[in-house]
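Undergrad: From first to last, the protein sequence lines are chains A and B. Counted the way the UniProt record's numbering counts, the first sequence spans residues 1 to 298. Counted the way the UniProt record's numbering counts, the second sequence spans residues 1 to 264.
Do not rely on the hints blindly, as some may be mistaken.
[As the list claims (entries may be wrong)] Below, computed lysine to aspartate or glutamate pairings styled on EDC-like, alpha-carbon distance capped at 20 Å:
{"no.": "1", "chain 1": "A", "residue 1": "LYS291", "chain 2": "A", "residue 2": "GLU233"}
{"no.": "2", "chain 1": "B", "residue 1": "LYS192", "chain 2": "B", "residue 2": "ASP180"}
{"no.": "3", "chain 1": "B", "residue 1": "LYS237", "chain 2": "B", "residue 2": "GLU33"}
{"no.": "4", "chain 1": "B", "residue 1": "LYS128", "chain 2": "A", "residue 2": "GLU162"}
{"no.": "5", "chain 1": "B", "residue 1": "LYS237", "chain 2": "B", "residue 2": "GLU196"}
{"no.": "6", "chain 1": "A", "residue 1": "LYS240", "chain 2": "B", "residue 2": "ASP96"}
{"no.": "7", "chain 1": "B", "residue 1": "LYS23", "chain 2": "B", "residue 2": "ASP230"}
{"no.": "8", "chain 1": "B", "residue 1": "LYS128", "chain 2": "B", "residue 2": "ASP140"}
{"no.": "9", "chain 1": "A", "residue 1": "LYS240", "chain 2": "B", "residue 2": "ASP140"}
[What the hints assert, rightly or not] Partner residues aside, some chain B positions facing chain A, computed with beta carbon under 8 Å:
{"no.": "10", "residue": "ASN12"}
{"no.": "11", "residue": "GLY14"}
{"no.": "12", "residue": "ALA75"}
{"no.": "13", "residue": "GLU76"}
{"no.": "14", "residue": "THR80"}
{"no.": "15", "residue": "GLY92"}
{"no.": "16", "residue": "LEU97"}
{"no.": "17", "residue": "ALA100"}
{"no.": "18", "residue": "GLU101"}
{"no.": "19", "residue": "LEU105"}
{"no.": "20", "residue": "ARG113"}
{"no.": "21", "residue": "THR114"}
{"no.": "22", "residue": "ARG116"}
{"no.": "23", "residue": "ARG117"}
{"no.": "24", "residue": "ALA118"}
{"no.": "25", "residue": "ARG210"}
FYI, nobody ran anything at the bench for these hints, they're computed from the structure. Note that beta-carbon positions come from the ideal geometry of N, C-alpha and C, so glycine has one too.
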Amino acid sequence: MSLFAFIGGIEAGLIYAFVALAVYLSFRILDFPDLTVDGSFPLGAAVTATLISISGWNPWLATLMGMFAGSLGGLATAYFSVRWGILHLLASILTMTALYSINIRVMQGAATMGLLNDETILTPFIHLANSAGLPEMYTRPIVLAAFVIAAFVILSWFLNSELGLSMRATGANIRMSRAQGINTSRQVIIGMMISNALVGLGGSIYAQANGSADASLGTGTIVVGLAAVIISETLIPSRKIWVRLLACIVGAIVYRMVIQLAMDVDFLGFKASDLNLVTALIVLIALVVPKLKKKVFA
Amino acid sequence: MIEVQNLSITFNPGTPNERRALKDISLRLENGEFACIIGSNGAGKSTLLGSIAGDVPLSGGRIMVSNTDVTKLPAEQRATYIARVFQDPLLGSCGDLSIAENLALASARGRRRTFRRALNRHYIETVKGRISELGLGLEDNLSQPMGSLSGGQRQALSLVMATLSPSSVLLLDEHTAALDPRNAEFVLDLTKRFAERYGLTVLMVTHSMRQALDMGTRTIMLHEGNIIFDASGSHRKDLTIEDLLAQFRRVRNEDISEDRLLVG
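Start from the sequences, fold in the hints, and give me the full structure.
TA: Here you go:
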């Protein structure tokens with residue numbers, strides 16, 4: 001693998017780390033398998049790209065709006081599920097489907113929205129590093145890592161707070177949580193909003209790092225998130241929340257590296273269009289390996 | 001204080017499966033009273049507890065707890081006034097969370113949860129004393145997951161959890177039924193001790209006539225959704241299991257064999 005491909009893999013891994021943290025929150029903490037992310041990732045990208053390139057917004061505000069839009073996606077799914085008793089998986093599929101159309105509307109009818117020459121939240125850091133003599137190739141992953149670490153610190157702090165603890169209890173034992181005075185519906189709604197805000201942020205940063213948003217960007221986002229979470233559990237088993245969250249970030253990076261490697265190595269003979277097949281295989285391996293380990297050492 | 005006024009609960013009303021689980025029941029427990037509820041399967045014991053806790057919707061009537069009308073409140077808001085221990089040890093606590101985290105959850109019952117760190121040092125020190133008095137040696141393993149404990153340990157901790165925050169009403173739904181006799185005895189002792197120390201108003205469902213007479217200050221018998229027997233004070237003192245069975249036969253005017261009621 002070339003250095004360029006390696007750095008590219010880290011960069012992509014860092015962007016999907018937001019998705020990994022989000023999926024950990026919905027899937028593991030709230031026990032809510034949430035396919036909304038396939039819609040809220042491109043939603044964050046579309047909102048930010050459109051606000052920056054068409055409306056000329058400040059990129060930070062545009063990023064914040066991308067997050068906010070994502071959280072609304074989570075709100076919709078949680079509301080369908082909690083208020084109307086629609087099965088969580090189905091509720092999230094409905095939101096995801098609706099978001100596909102909404103995303104194209106956000107981009108004013110176009111399937112893509114470019115922001116190649118626009119100012120993004122990355123621009124000032126790149127300029128700064130350039131003047132210090134650091135090439136852009138290195139600046140971007142460093143800045144992305146800083147964003148991811150910030151999300152990690154906030155999420156870790158939240159999940160260890162009294163409110164975060166009640167969210168964890170809600171996903172683990174809903175009846176006991178109610179008996180302890182926890183409004184479990186509210187917990188699910190808030191958790192799903194935070195989760196999809198993180199996904200929206202990931203999409204928003206993806207658009208700014210890659211110079212465009214695309215309506216088809218979201219396909220398979222949930223699989224990437226799941227892959228990262230499952231790889232993290234296989235590689236770094238621990239019950240501590242901060243370790244779990246950090247492991248999710250590592251999982252996302254490892255996952256992107258493995259993909260990069262699989263697609264790069266010539267003798268495997270994968271083409272670009274085999275990406276989804278490779279993705280599914282990696283998730284499958286990550287799921288089976290822990291069971292094999294148990295069998296072998298049992 | 002618990003007061004139930006003209007409580008009726010009908011499951012599946014208007015369908016062929018309609019079942020009247022509670023038929024116009026009224027009951028009042030004063031502060032500090034400890035009542036045991038006994039009755040055969042389907043008598044409405046758990047339904048009564050569930051309706052007071054807010055799990056079972058009412059068909060009619062009114063429920064007051066600690067001088068507050070809770071009839072229209074959802075379960076999580078009633079939790080401000082009511083602590084509970086379930087029959088299933090797995091149900092009353094979170095197996096995925098640690099002992100300390102479970103206790104932290106319970107200690108915030110009835111008040112606003114904040115962004116403060118759930119497990120701060122001061123808090124840990126406070127609960128350590130409560131756990132060490134159980135004599136189970138769990139106070140040094142507070143970060144151990146609840147799921148790794150035995151049923152008896154979990155029920156004992158559930159009782160501690162139920163008495164961490166200042167609510168005065170405790171609902172026990174056959175909380176020793178899933179335990180072996182030795183652990184059941186241990187948890188019952190604990191129940192007595194906590195009820196006295198904190199002056200709790202307790203409603204305890206049991207399958208055991210022995211417990212229903214030995215525990216607490218009052219014995220209530222339910223049958224097919226009606227209260228058929230209610231004894232307290234000196235009248236209760238001299239009661240035997242045989243008396244309870246006789247009561248049962250007399251009031252219901254039917255021959256109920258002893259094995260339909262579990263004699264403990």
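Undergrad: So which hints don't hold here, by number, going up?
TA: 10, 11, 17 and 25
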